[in-house]
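Asks: Based on the sequences and whatever the hints tell you, model everything.
Quick mapping for you: the protein sequence lines, in order, are chains Y and W.
Positions 0 to 112 (numbering that gives the first Met the number 0) are the ones given, in order, by the first sequence.
Positions 0 to 523 (numbering that gives the first Met the number 0) are the ones given, in order, by the second sequence.
Just so you know, these hints were derived from the structure itself, not from any lab.
One thing to keep in mind: the hints can contain errors.
What the hints assert, rightly or not - Which residues of chain Y face chain W? A few of them, derived with a C-beta cut under 10 Å, are:
no.: 1; residue: Arg-31
no.: 2; residue: Asp-33
no.: 3; residue: Ala-54
no.: 4; residue: Val-59
no.: 5; residue: Val-60
no.: 6; residue: Val-76
no.: 7; residue: Val-81
no.: 8; residue: Asp-89
no.: 9; residue: Leu-92
What the hints assert, rightly or not - If you want the footprint, here are the derived chain W segments under chain Y, 3+ residues with CB under 8 Å:
no.: 10; segment: 107–118
no.: 11; segment: 243–256
no.: 12; segment: 291–302
no.: 13; segment: 376–386
no.: 14; segment: 390–400
Here a beta-carbon is modelled for each residue, glycine too, at the ideal position from N, C-alpha and C.
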Amino acid sequence: MPDPTSTAPDVAAPRATALTAADVARLAALARIDLDAAEMERMAGELDAVVAAVASVSRVVGDDVPATSHPLPLTDVYREDVVEGGLDRDEVLAGAPAAQDGRFLVPQILEED
Amino acid sequence: MGAASATPDALVRATAADLAGRLAAGEVSSEDVVRAHLDRIAAVDGAPGDGEGLAAFLHVSGEQALASARAVDARRAAGEPLHALAGVPVAVKDVVVTRGTPTTAGSRILQGWVPPYDATLVERLHAAGMPVLGKTNMDEFAMGSSTEHSAYGPTRNPWDTTRTPGGSGGGSAAAVAAFEAPLAVGTDTGGSIRQPAAVTGSVGVKPTYGGVSRYGLVAMASSLDQAGPCARTVLDAALLHEVMGGHDPRDATSLPDPVGALADAARTRDVRGMRVGVVRELTGEGFSAGVSASFRAALDLLADAGAEVVEVSCPTFAHALDAYYLIMPSEASSNLARFDGMRFGLRVEPAEGPVTAERVMAATRGAGFGPEVKRRIILGTYALSAGYYDAYYGSAQKVRTLVQRDFAAAFEQADVLVSPTAPTTAFPLGSKLDDPLAMYAGDIATIPANLAGVPGMSLPSGLAEDGLPVGFQVLAPARADERLYRLGGALEALLDEQRGGALLDALPELPALATADRSEAVTA
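Replies: Dropping the structure here:
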């Protein structure tokens, strides 16, 4: 998107297929977001346009360019292994959707079979 | 200062530096200052979604702010040594957690949540004795450029209430521009401090990545997020930046450096010999005539004052926006996995079928996230998925390297880089809401700084022919934030002298609201 006033997709971008509602359904399931059929249809069109526009990144970089995952060079730092105070349990649980016996109360985690 | 300068109107129009001086001299109390701002909020802010008022605030902490103010006044009366900004109120973007005060990040999924801890930067505001007026409106999880993606309704631009205040930090920018707060905290992942500053005629700074602790910020994209100051003057921004900045052992990406002498830099007002690089790719085509004219006029002022204006080229900036809209959603899709309906915020059970944790998580996120958040999480999931990772996320990370190299080369030719902050002045509410690409394109000039981790400032260069403010962006090398303040402070002084006052002196009168009760928080 070099021209900020243009929203035309970059047609030269290397892309096999357009994003379909079925793709969105699969991605939404991976991302654990319930979507209704209308949302999936609408999002397929919107995301297809976005993906077409941003796909140019794969054409402008060569194999010799290293990836940057972080803006500044960082090294791991360590602190003394000392016990520190944590968050107040009751205060934390007061913000939970459900709590019981001083613990988070969550729905069934494993399927029954 | 005469008695007239302590009227409520004078108190809300005073800069933070002015207020600090008058508080220290005992001319006004912090309680009076806080009360004047709470009255101003009641008069002009309304509530998000009610169709009236600016809706800059999601939550107003009136009683807490007054209690903090009285505590500072008592300490001052007892002769205790106080921080220079003690008693000066501040507003905080709702993406920053505040113990005991609701924090929603503009999302339904966190409606009613009261954090059990303070962000490090909030602890530092409290330690400095700065009363927190409340939490400001924002695009949901800071995803947006107009504040229209707030789940609670948009903030309006005080220059023209039919227009957006920019985003995602439109609430913080509008609050300072409309004299509801002298200072506010923002966060900037792709321009969310600078672009709202530009379109509201205020000042906003994104510090060097790691310069302000991210501990207690609701994360969007961790390698890009950075908190910073919003203010009406460059000096005020520097003063707040100094309070918030500096190393925090609780943030592993926090820089070890002490925060620099930023206020001193803002007061220097000398740009003689400073090399100012105009980024060719961020000027001209794509930027409106009014924005370009205001930008060029400011450059002429700098040149007349002895700055050496040169042109630099950063060719890969043309691809920065594309890389950003892959990296940011990828990181967001991972960060927002924590909103699972288990430990905090909303929990929604599926309408039918078994009530398992996994199905509750999907139902909760389907009901609790707005359309832009869903779009970005799903886009990020796509960019990170097998078969697409190398082409999209991997390539975007390589573009990030190229952007950093362009900055490195440009900073060999110039001490600071400059451009307009945004391609246009404030756009009308609703005009880009159905066109995500058009909304994203407005971030073209602000995104490169986030990808490279360098600091950036937006300050107003004047009004365009449409009567709306234009932002002037200054960028500096990583860890050289003081250069932003040196150039920004000098340019602001030149512009104020030419204009015969501050830009915000020209802010139109806002209609007073009939309903002024903000004791009920809409997000609680």
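Asks: It remains to establish, for every hint, whether it holds in the given structure.
Replies: Going through the hints against the structure:
no.: 1; hint: Arg-31; in the structure: holds (5 Å)
no.: 2; hint: Asp-33; in the structure: holds (3 Å)
no.: 3; hint: Ala-54; in the structure: holds (7 Å)
no.: 4; hint: Val-59; in the structure: holds (5 Å)
no.: 5; hint: Val-60; in the structure: holds (4 Å)
no.: 6; hint: Val-76; in the structure: holds (7 Å)
no.: 7; hint: Val-81; in the structure: violated (12 Å)
no.: 8; hint: Asp-89; in the structure: holds (9 Å)
no.: 9; hint: Leu-92; in the structure: holds (9 Å)
no.: 10; hint: 107–118; in the structure: holds (count 5)
no.: 11; hint: 243–256; in the structure: holds (count 4)
no.: 12; hint: 291–302; in the structure: violated (count 0)
no.: 13; hint: 376–386; in the structure: holds (count 6)
no.: 14; hint: 390–400; in the structure: holds (count 10)
Hints 7, 12, counting from the list given before, are not met by this structure.
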